[in-house]
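There are 2 protein chains.
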Amino acid sequence: MRNTLDIEYRVMYHDADMTGRLSIPALGNYVLDAAGLHAIELGVSMQQLASQGMTWVMSGMRYQLHLMPPINSTVQVHTQISEVSRISSKRDFIITCGGQPVAEISTEWLIINTRTRRPVFISEAAPGIESMKSADTGIPKYRHIRTAPKEASACRKTTIQYSDIDINSHLYSIRYLAMALDTLDPEVLKNGSIRAIDVNFVQEVMPGDTVELAWETSGQETLVEMRGDGKVKFRAIIETSQMEC
Amino acid sequence: MRNTLDIEYRVMYHDADMTGRLSIPALGNYVLDAAGLHAIELGVSMQQLASQGMTWVMSGMRYQLHLMPPINSTVQVHTQISEVSRISSKRDFIITCGGQPVAEISTEWLIINTRTRRPVFISEAAPGIESMKSADTGIPKYRHIRTAPKEASACRKTTIQYSDIDINSHLYSIRYLAMALDTLDPEVLKNGSIRAIDVNFVQEVMPGDTVELAWETSGQETLVEMRGDGKVKFRAIIETSQMEC
Chain A
347 MRNTLDIEYR VMYHDADMTG RLSIPALGNY VLDAAGLHAI ELGVSMQQLA
397 SQGMTWVMSG MRYQLHLMPP INSTVQVHTQ ISEVSRISSK RDFIITCGGQ
447 PVAEISTEWL IINTRTRRPV FISEAAPGIE SMKSADTGIP KYRHIRTAPK
497 EASACRKTTI QYSDIDINSH LYSIRYLAMA LDTLDPEVLK NGSIRAIDVN
547 FVQEVMPGDT VELAWETSGQ ETLVEMRGDG KVKFRAIIET SQMEC
Chain B
347 MRNTLDIEYR VMYHDADMTG RLSIPALGNY VLDAAGLHAI ELGVSMQQLA
397 SQGMTWVMSG MRYQLHLMPP INSTVQVHTQ ISEVSRISSK RDFIITCGGQ
447 PVAEISTEWL IINTRTRRPV FISEAAPGIE SMKSADTGIP KYRHIRTAPK
497 EASACRKTTI QYSDIDINSH LYSIRYLAMA LDTLDPEVLK NGSIRAIDVN
547 FVQEVMPGDT VELAWETSGQ ETLVEMRGDG KVKFRAIIET SQMEC
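Chains as they are written, first to last, in the numbering used here: chain A, 347 to 591; chain B, 347 to 591.
Extracted from the complex, chain A is given alone in its bound form (with noise of 0.2 Å):
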């Protein structure tokens, strides 16, 4: 059982843009998976948790990007625990390609009661996850987004189907991730400027259900909101800046 866990992972076909290089929901999969590779290896897997009627569920991100590599390049992805607190575990990533900075990333995580889909204490659910973590990263947590967009900014409509869905039967958290990212301007996705992003994850979205993505640039970040039968579900801030490289 090791406290940190360093996994590769080469970028596929399908793991690239139009740019040709990683995409940020294909970045945001990765850690996802070594989050999970690292939960089975810590003793605190999904699979484990749902076997006591319990899964993991994310409440928020933030991403800092650097420079995306391209398709066939191999990134190292280093991921470890860094908070827990009563009700909530923080755990960061730190992904590099050939030691150049692609992006960090931190994650805070529940655990969730699978049929009252609320939260459980974290140390009766994951006994011990205390002594899982590690020294800080220093890696800057998301913030909870507390602006809705105005009244009359953009909006679509979608309904989530059955390739929006992960193993939890719900929304996947990187779908609502890449939905965010489908607002913006083809530009700002074709031409690698986005720095930062924050991510809130506010309730569970189900297959069948249709959500409102609602938007609003002003400046150098866009405000994205996803709502449903009147709550929000979900709220993103993507940061841009001129494009360096």
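Since the hints were derived computationally from the structure, they do not count as laboratory data.
Listed next, the stretches of chain A that the computed footprint assigns to chain B, with coverage defined by at least 3 CB atoms under 8 Å from CB atoms of chain B:
#1 349 to 361
#2 508 to 520
#3 524 to 530
Here are the simulated BS3-like pairs of lysine-lysine, each with C-alpha atoms no more than 27 Å apart in a straight line:
#4 B:Lys577 / B:Lys487
#5 A:Lys503 / B:Lys536
#6 A:Lys536 / A:Lys503
#7 A:Lys503 / B:Lys503
#8 A:Lys503 / A:Lys577
#9 B:Lys503 / A:Lys536
#10 A:Lys496 / A:Lys577
#11 A:Lys577 / A:Lys487
#12 B:Lys577 / B:Lys496
#13 B:Lys503 / B:Lys536
#14 A:Lys503 / B:Lys577
#15 B:Lys577 / B:Lys503
#16 A:Lys577 / B:Lys503
In this text, a Cβ means the ideal position worked out from N, Cα and C, and glycines have one as well.
We have chain A; now place chain B onto it with these hints.
Chain B alone, transformed into the frame defined by chain A:
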């Protein structure tokens, strides 16, 4: 340079659907990635064609599906070129997991001029490809689908987003397939009863395009068509059987 390529993929967290097993689209991602790696070895990669103003596009696929492996399994993918004609080549894949059959997939490819979007002669664009082929695997090749869903069939509109496109800046072939699977009854997707799929890629679809998916189920077959601007873009026939495993 090997006339065949054998490569392994671990079923990552995001490669599984709600069944906890490899999804059909994720299997499609693996085989396209393997095709790309083999093309690099053979000197006919997309990157090399791009420098001459050309690219590979897929015109069809045939899937035969057995038992999908669970998350974190390792699958073995064998691939080879089985046929070469004037304007197309066929590439086959045999996918197994620990010696057990997972799937057989046959694909057909064209090389197009990236400016005119028209096919070019394979022998001119990829000289020597004839010598790279292997004895046919005998895997069934894809069928041309000549029928359309009836006027009154179910349908759904969707607009192609950033998260749907690939390195060629058009709708990613596996996203057409995922959209076709999204039309099925969730129970069919849950019980793993899909036995075969024929896929015809008829026309490119670009980001921002709004397309209509129409479908109808008759007995064990579902016929799906994607159309836009009055033209057929894609067709698929998905065959199911009673669940065996």
